[in-house]
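Q: The hints should help you fit chain F onto chain G, whose structure is shown.
Each protein sequence line maps, in turn, to chains G and F. When you line the first sequence up against the numbering used here, it's residues 235 to 946, in that order. When you line the second sequence up against the numbering used here, it's residues 235 to 946, in that order.
Errors might be hidden in some of the hints.
Identical copies carry no separate label here, and so any pair may be met within one copy or between two of them.
Claimed, not checked - Listed below are the simulated DSS-like cross-link pairs for lysine-lysine, each with C-alpha atoms no more than 27 Å apart in a straight line:
(1) Lys559 with Lys346
(2) Lys707 with Lys559
(3) Lys941 with Lys282
(4) Lys327 with Lys837
(5) Lys785 with Lys875
(6) Lys919 with Lys633
(7) Lys411 with Lys346
(8) Lys894 with Lys524
(9) Lys524 with Lys566
(10) Lys261 with Lys837
(11) Lys919 with Lys827
(12) Lys667 with Lys707
(13) Lys524 with Lys559
Hints are computed from structural coordinates only; laboratory data are not their basis.
Protein chains: 2
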Amino acid sequence: MKKGILIMLAMMLSMASAQTIKSPNGKLTLKFQLTSEGTPTYELMLGKKSVIETSRLGIEVKNGNGFTEGFEISKVDTTLVDETWQPVWGEVKEIVNNYHELAVTLTLSSEKNRYVVIRFRLFDDGLGFRYEFPLQENLNYFIISNELTEFNLAGDHKAFWMPGDYDTNEYFYTTTKLSEVDATFGVNVNEITAKTVIGKNAVQTPLMMKTADGLYINIHEAALVNYPAMNLVIDQKTFVLTSHLVPDAVGNKAYMQTPHNTPWRTVIVCERAEDILASKLILNLNEPSKIENTSWIKPTKYIGIWWEMHVGTASWSYADVRNVKLDLTDWKNLTPNGRHGATTERTKFYIDFAAKQGFDAVLIEGWNIGWEDWFGQWKEEVFDFVTPYPDFDVAELQKYAEQNGVKLIMHHETSASATNYERRMDEAYRFMKKYGYDAVKTGYVGRIIPRGEFHDGQWMVNHYVHVAKETAKNKIMLDAHEPVRPTGLHRTYPNWLACEAARGNEFNAWSQGNPPEHETILPFTRLMGGPMDYTPGIFEIKMSHYYPDRKEQVHTTLVKQLALYVTMYSPLQMAADYPENYEKHLDAFQFIKDVAVDWDDTKILEAEPGDYITIARKAKGKEEWYLGSITDENARETKIKLSFLNPKQWYVATIYADAKDAHWEKNPMAYEVKKYLVKDKTELKLKLAESGGCAISFKPASEEEVKSVKKY
Amino acid sequence: MKKGILIMLAMMLSMASAQTIKSPNGKLTLKFQLTSEGTPTYELMLGKKSVIETSRLGIEVKNGNGFTEGFEISKVDTTLVDETWQPVWGEVKEIVNNYHELAVTLTLSSEKNRYVVIRFRLFDDGLGFRYEFPLQENLNYFIISNELTEFNLAGDHKAFWMPGDYDTNEYFYTTTKLSEVDATFGVNVNEITAKTVIGKNAVQTPLMMKTADGLYINIHEAALVNYPAMNLVIDQKTFVLTSHLVPDAVGNKAYMQTPHNTPWRTVIVCERAEDILASKLILNLNEPSKIENTSWIKPTKYIGIWWEMHVGTASWSYADVRNVKLDLTDWKNLTPNGRHGATTERTKFYIDFAAKQGFDAVLIEGWNIGWEDWFGQWKEEVFDFVTPYPDFDVAELQKYAEQNGVKLIMHHETSASATNYERRMDEAYRFMKKYGYDAVKTGYVGRIIPRGEFHDGQWMVNHYVHVAKETAKNKIMLDAHEPVRPTGLHRTYPNWLACEAARGNEFNAWSQGNPPEHETILPFTRLMGGPMDYTPGIFEIKMSHYYPDRKEQVHTTLVKQLALYVTMYSPLQMAADYPENYEKHLDAFQFIKDVAVDWDDTKILEAEPGDYITIARKAKGKEEWYLGSITDENARETKIKLSFLNPKQWYVATIYADAKDAHWEKNPMAYEVKKYLVKDKTELKLKLAESGGCAISFKPASEEEVKSVKKY
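Chain G with its partners taken away, still in its complex shape (with noise of 0.2 Å):
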């Protein structure tokens, strides 16, 4: 059937309307063309074989004739583009941003000359493409009830997929061909609170593939902004994967007003599993930086009042208490329940061991009124974010922190009442400011307010990023928990630091927990968009050690949760556990000291989807590297080349890796810290336990050390 569709297809394309262009190195091809009803269509090419097969794009427009036929080719714009650029912080000091671009404009002739343009830009690893509807005498304002965009896989490729949903990304991953996608699972997954799935074939973007040859293709968008985020139909008979965007709450997809343009459709191509990672190329579609001044802005590892309410041995509320309200309960008058988190004393304990330990900020959660009763009411007027609880001094926090050299993180969860958020922003901003702090983490847990809204629809969409700018305005970092899932737009704004958006190590405290592939998944998929604030290592792996009764566990051994911090980028880390934890194992504890959060250079060493990743880094302005390896369920041996170090230096080489008897379920905390001279031709062999790792720092060798620490 799919054979006579195409044959169909090709019939229907019309020779004289076929635009081509390569990418730089000539490797992959596009192509766009008309089909003879007036249909735009594309198709991309490595070499001489089909990635994506000719695949229709167009956009259906409620109560009016939409963008999806009878087009004529009014203009053909084709550009090249080789340009370098720095980021404010990022895996690399250095971007090049190198493409072939070709805009074509369209226009419908039986619709008073209405156009549209459909930029593509070609680039050696992938292509983006969007449309663009520029202002123009007579198109103002429309609304999008359907996006057309198809992807016409050539195959039914190995896929790494959760279901598509309007509300929520942190489901586990699924690995399965696309005829075998079945989504409907996703109703029964109770641990995530609010889950609109939309249907059996329906999966959300980033979406990672793997063909049978071998090739690696992933799927996203990029610089999602004022429009609903994507979802993709899989037609699990032909593979053609059809867009699907997230309605709103009357059911409209997406409000335009001309000039406005949709968000890149991008379509990574690589034949090395290594270079999708390494891939710029959602960076390189975004908007530059529109913060001026970025001195402010600073990657930042943390340490914070957290855990603790996830382990369950604190809570975030003050009070026991099933009903409060914010300007009515007797805040000063409730009986604490003796088990509040977020106190002036533990902070205190917190903000010293971050002095001690190096650490740059204390996060502290439930800090505020308004925690008895925020989960699961869809209460509108949930938190005001600016009165703290009785046993929290802000004031004498402040001071507290500025004298031990330590910032504080304030905790802004909105309870997905956005529009409180909204009402609130200005006046929990200028408290923060007073009481010094800078950087603030969001939380949208629930269901949207206002209500019929989901977390990835337009309205949304905006409020995130309406939340990036307020935050800019008054220079205020940001980090983003439960929000839409990112699309590189901290390139515009690089005070965004980093969001959750998928199934972070918390819920290994309290549910399932992550499976031991997940974070050989994670950066395939969500981290393609962004980095991911994932909340790593935890060392007491195992619940039980707090109730004897939990099951719960991360799913890791104790190593493994070290490389995250080299294999999971973010500029904001988080060293996740209770101090007390770390003080117990504080020759591990020793990589999270030192690795770095900002880097001047990056090497995929090895991955595979699924399987195994491992990583090194340079932090930014040293001669220092971070290594981190980690494996799925099964154990591995690997040999590393370390031929990225500086070939002048040598190097003392402090590895982390899994005792020999380790494994994530039996005895995950087992662990050897070992020293080793090394150079850029030594050759590593590491052995990582199942769902194990291994975490390397590369100081350069003092003339003392070069003669004492022991060669490799």
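A: Coordinates of chain F only, in the frame set by chain G:
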């Protein structure tokens, strides 16, 4: 059929559970009783006659057992309250609050003893009751799916009604029997932008009725806070009206969190129509003022750059472009259309006129960027409230106004984009205070954003109150246009001077307009809930004066426009016409200059809904009285005794009357002004033209005037 139902109900009512209270003067009786199924009912009687026959009460809850039946009475409290209080401003300077109260606690033993309190307050002129859900063990959060409050009317009363609607109250009134109500015409009233007609037999409140026996009944609500507005569905056989709440975007009615009260449902019952207008029941049910220091709140007489845009000789917009974006459009370099109303020059002209004629303030509409495409696009980022057009110099005008002792009134048309307004509110109010604006007129023209919400739903009700609170915080007075109709909240937020929330004078400029009887109905309906910024005082009655082909006109005589300053109570009154038109009729204009906007006392001399109204009011702190008399499409002669005057005084009465041959359509602008010496014993003969009026100022006569002015 109705009789049969009555008999059934009577049989079901258990004698033992009847609770009865009487009004302080003993004429009204309220009876509360549970049926044998434990369903709460009430009945209201005047003497021996039922005004409201046995009617159900109840609340349905989503996904749960509601509060509808199975009750037991667990507690009964009664109180008598007799007190006096002084409003910050008003029709009178002192208000008596005198009622018997019955509070019945109803418990559901089958539902873990969940309980509700129904509180009744019985005044001499009517009843108020509400549902209260106190903080309690087994009730915290619930969603109301329907309120089942009934008003079982005793007959097919004559009703002055408008279509029940989720979005608008800008219909003209229709007068029919209840059995003849058909609201479906509403969908074709095209001059109203955003409408959501409920159905054939649904009407809004306030609902004014007159029985065959000549009894006047008015149904409305008081203190609409954190709850959706109530419409009424008429059973056109039994004349039972049932409450119908406005839904939210997802179909729910009200989100409740204990402790939480519904608004008061009010039934005002009077044997004289005049007593309906004099009733203070709704104010008495509202919470006292939440503003401690009210010295900054000042009743205001104003003019403004406004009518000329409705007429069409000026535009709100600066340029004629179809498409603008706040941050993108090059505002400074747009081509001005040459008709912009809000220019520095025109504003100075208005300031001069206000200073010369003794007006407190000047309103300027169209001063800020965004008007070019503000209307009908459901646009969210429509105004920023802080950026003036290139031809409006905010700082210059601040100085000019101050030098001339005139205040400027800010205009915040939100275009119903409430999320945008809330997002920008802080900055907008800071801008106001910076530039000397102490009052703001808001507007909500269009479809609401958050999309899916309605003007009269719980979310928007909360928004309007939020605006009242935020303006109060900033010592700003508020005049809200196109919100939900008011319910007496101006007692609680006395900075909230007025609303439009009905079909105002402006409709006459560009549509079929307001019928002659319109202003004789509004005080019996819309104004029962609060003052209306009706914007009267149009002298140049016909639009053909500006554009010969235009058919629209104000549907009254010029003198009726003067009388409206007395019959349409508001502490905020506009002299709405062009200063140029007033300058042509300075003799008539004198009444508007003289009339007060705040009162010590009010006498409703004569009134019949839909026919005529004559009111006299005493200016606050002065010995002056003002009388306004209006009629509908029928000419009218009436005799008015001046017994309200101070018997110790002579007064000079300046009588502004329709000329002999005046007629609202044929000769509307013909009037005469005569002065007479009068005393309390004088009886005046007034002659009103078709849709005409009479306006009289009574000022204490000086010794010289007692000698020289002709006696009546």
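Q: So, for every hint listed, does it hold in this structure?
A: Okay, the hints, checked on the actual structure:
1. Lys559 with Lys346: between (56 Å within a copy, 23 Å between copies)
2. Lys707 with Lys559: Cα proximity of Lys707 and Lys559: across copies only (20 Å, versus 31 Å in one copy).
3. Lys941 with Lys282: The answer is neither: 56 Å in one copy and 112 Å across copies each exceed 27 Å.
4. Lys327 with Lys837: within (13 Å within a copy, 81 Å between copies)
5. Lys785 with Lys875: neither (39 Å within a copy, 89 Å between copies)
6. Lys919 with Lys633: Neither, since 49 Å and 79 Å both go past 27 Å.
7. Lys411 with Lys346: neither (45 Å within a copy, 52 Å between copies)
8. Lys894 with Lys524: neither (50 Å within a copy, 71 Å between copies)
9. Lys524 with Lys566: Classified as between: cross-chain Cα gap 23 Å, same-chain 43 Å, threshold 27 Å.
10. Lys261 with Lys837: Intra 23 Å, inter 91 Å, cutoff 27 Å: intra-copy only.
11. Lys919 with Lys827: For Lys919 and Lys827, the Cα distance is within 27 Å only inside one copy (24 Å; across copies 96 Å).
12. Lys667 with Lys707: The answer is both: 12 Å in one copy and 22 Å across copies each meet 27 Å.
13. Lys524 with Lys559: between (39 Å within a copy, 18 Å between copies)
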